[in-house]
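**Q** Given chain S's structure and the hints, the job is docking chain E onto it.
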Amino acid sequence: MSNVAPLPTGKTPAALVWMRFRRHTMAVAGGYVLLVFALAAIGAPLVEMILNTDAASVDLFQRLQGPSAAHPLGTDELGRDVLVRILHGGRISLLVGLVAAVFAAMIGTAVGLSAGYFGGRLDGFLMRFTDGVISLPLLPLLIVLAAIDLGKIGLPSSIADAENVSLYRIIVIVALVGWTTVARLVRASTLALRSRPFVQAAVAQGASTWRIVGVHILPNLASPIIVATTLAAGNIILLESVLSFLGLGIQPPTPSWGNLLTNAQELIWEAPALAFYPGLLIFITVIAFNFLGDGLQDALDPRSMERRG
Amino acid sequence: MARFLVNRLVQSAAVLLVMSFVIYALIGLMPGDPIDLMITADPKITAADAAHLRELYGLDKPVYERYGNWLSAALGGDFGYSRLHAKPVLTVMGPALVNTVILLGLSLTLALCIALPMGVLAAARPYSKLDYGINTLAFAGISVPPFWLALLLIMVFAVILGILPAGGTAQSAGGAGFWDSAKFLVLPVASLTIASIGGHTRYMRASMIETLRQDYIRTARAKGLDETRVLFGHALRNALIPVVTIIALDFGYLFSGALITETIFSYPGMGKLIFDSIMGNDFNLALIALLFATLLTLIGNFLADAAYAALDPRISLEDGVE
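Order-wise, the sequence lines are chains S and E. Residue numbers are given in our numbering: position 61 of the first sequence equals residue 223, and the series is strictly consecutive. Residue numbers are given in our numbering: position 218 of the second sequence equals residue 239, and the series is strictly consecutive.
Bound conformation, chain S alone (with noise of 0.2 Å):
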């Protein structure tokens, strides 16, 4: 094994880890394209006053238009400006794939942190749970959770009514699926930590339970946690891009990359290009997450890097 401490370079370990993340080209340039998509995303406001228009003001004068210098990617059907309506549909679809990815981290961490720190029963149970969780016909299965009336399970129809109601049901619908990832990713690396002296020793000091997991493992699972979030992200980027496609996820009037390419298949002879941008959009912002997780995986572990061969 040639398992041993880097060369004293005299370079800190944060600087190691990003010598080696700089020389994955394509991780590299993937961070860069989802900082620009999220300054753009949040500069929305600024190019709807640029172009004086907004991405709910119908012209039904001005319907399915080509690009020009007041819509630089043309008009929908409803009139309104594509590349506004593109940028509005960035904002709630990155929103949705961070704050999601988030909770599934969570939901993840607590999982496979439990079965692999406490093993036995408990293990056995979870990842056979997960395991199940995994080989369900996801989509079809959560097409009935977006269809449920949120007032029969007893919210109160202040919640179930309002108006953000479609952005919080499908922030829980695909935390709910994303979390297997990170679940099986925390609890391989809580297992090989468990057997690792510093814990070893802890546990013969006596330290409580809280404290080993807390002090000694949590700290270590910052890069798998960190690794899975991010492929996690693009997953469920995708997820909410095809639930909002089909009508079960973001409402429309309010834009999402998937739901701006609901009307465009019916539009497709019309106009064609309506169907191109969104999509293009979710597969560029869908590849770079992906990027960014393989060359964040290299880089915080450099072992992985030997293991792949």
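Bear in mind the hints are in silico, worked out from the structure with no lab data behind them. Quick reminder that beta carbons are idealized off the backbone N, C-alpha and C, glycines included. Take the hints with a grain of salt, since some may be wrong.
Said to hold, decoys possible - Below, in silico cross-link-like pairs of lysine-lysine (DSS-like), each with a Cα-Cα straight-line distance of 27 Å or less:
1) S:314 / E:82
2) E:82 / E:65
3) S:314 / E:65
Stated by the list, open to error - Label-pair distances were calculated between CB atoms; the ranges are:
4) S:234 / E:122: 56 to 62 Å
5) E:161 / S:415: 56 to 62 Å
6) E:331 / S:369: 44 to 50 Å
7) S:388 / E:161: 19 to 25 Å
8) S:293 / E:130: 24 to 30 Å
9) S:313 / E:76: 17 to 23 Å
10) S:197 / E:109: 52 to 58 Å
11) E:247 / S:293: 38 to 44 Å
12) E:183 / S:286: 54 to 60 Å
13) S:384 / E:78: 41 to 47 Å
14) E:189 / S:358: 55 to 61 Å
**A** Leaving out everything else, chain E in the frame of chain S:
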């Protein structure tokens, strides 16, 4: 072997039973119930009539009681009628199932024929230009939104080139010959295939790289075997074991892909059936179709375990697959 298989069968049956209750309960939480639908159809029904009807059909009972009634009827072979199609549920599901099997079978075969050689090629020269290229393509494959891919295919082949239909079936377009039917399959099969190549290529590459590091590969090379024999004679067969398992485990994922593809192309398979029945409040059909999809997935998982145990003699059958 037998004990292990029986164990897994019992587990799968238990999962199916649990899922049947979960799905039943979830469907009950969807907006509207059969009586609401009757009220929409016949405005003369009064609130008292509706309450009476609910009592008559047992819809006022708690969910576990209704589930119990449904389960005993279902176990007796009575799955009820489909509201949208006005036919018994199984009669509606039969043709859809055949269509989905054709669609999934074709695209899975095609995807494997492309993905497995690509994965082996990439693994034969890890970190070469070729590996880098294949890896990038595979990343693109797992990141592309499947419905957008389908829309792009429609755009290119139906709108711009006009050589293939944008969706539907030969029957709906009035043709009945083999080529008429085949034409309608090209785009759905292509979009499902492209969507699953990326994942399979990555599995194959990872498994092959792992295998090429084994001692028996070093032995084979030390004997002086040429690289082709090492790759295909010694490594490939062993590297395929985990890949076979993953493919069988991916059945649920494949089914989700079928739902998207079938909905976009109006292809009359199980995926579209499930989507339409949920959207159309066809509770009986949605319930059975969802359960059937779950059952197929469980069978896939069971076959994966059985294949893994059968293919790899090192795995202890008594302990199950860990």
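**Q** State for each hint whether it applies.
**A** Structure-based check of each hint:
1. With a CA separation close to 15 Å, the supplied pair residue 314 of chain S and residue 82 of chain E stays within the 27 Å bound.
2. Annotation: proposed proximity of residue 82 of chain E to residue 65 of chain E holds, straight-line Cα distance about 25 Å (limit 27 Å).
3. Our distance criterion of 27 Å between C-alpha atoms is met by residue 314 of chain S and residue 65 of chain E, whose separation comes to about 25 Å.
4. Between residue 234 of chain S and residue 122 of chain E the Cβ separation comes to about 46 Å, which falls outside the hinted range of 56 to 62 Å.
5. The supplied range of 56 to 62 Å is broken by residue 161 of chain E and residue 415 of chain S, whose beta-carbon atoms lie about 32 Å from each other.
6. Checked against the hint of 44 to 50 Å, the C-beta distance between residue 331 of chain E and residue 369 of chain S comes to roughly 46 Å, which is consistent with it.
7. Separation of residue 388 of chain S from residue 161 of chain E is about 23 Å and conforms to the stated range, judged on CB atoms against 19 to 25 Å.
8. Taken as a hint, the range 24 to 30 Å holds for the pair residue 293 of chain S and residue 130 of chain E, whose Cβ atoms sit roughly 26 Å apart.
9. A hinted range of 17 to 23 Å holds for the C-beta pair residue 313 of chain S and residue 76 of chain E, which are about 22 Å apart.
10. A hinted range of 52 to 58 Å for the beta carbons of residue 197 of chain S and residue 109 of chain E is consistent with their spacing of about 56 Å.
11. Restraint check, residue 247 of chain E to residue 293 of chain S: a C-beta distance of roughly 41 Å satisfies the suggested window 38 to 44 Å.
12. Taking 54 to 60 Å as the suggested C-beta distance range, the pair residue 183 of chain E and residue 286 of chain S conforms, at roughly 57 Å.
13. For the pair residue 384 of chain S and residue 78 of chain E, the supplied restraint of 41 to 47 Å is violated, since their beta-carbon distance comes to about 55 Å.
14. Separation of residue 189 of chain E from residue 358 of chain S is about 60 Å and conforms to the stated range, judged on CB atoms against 55 to 61 Å.
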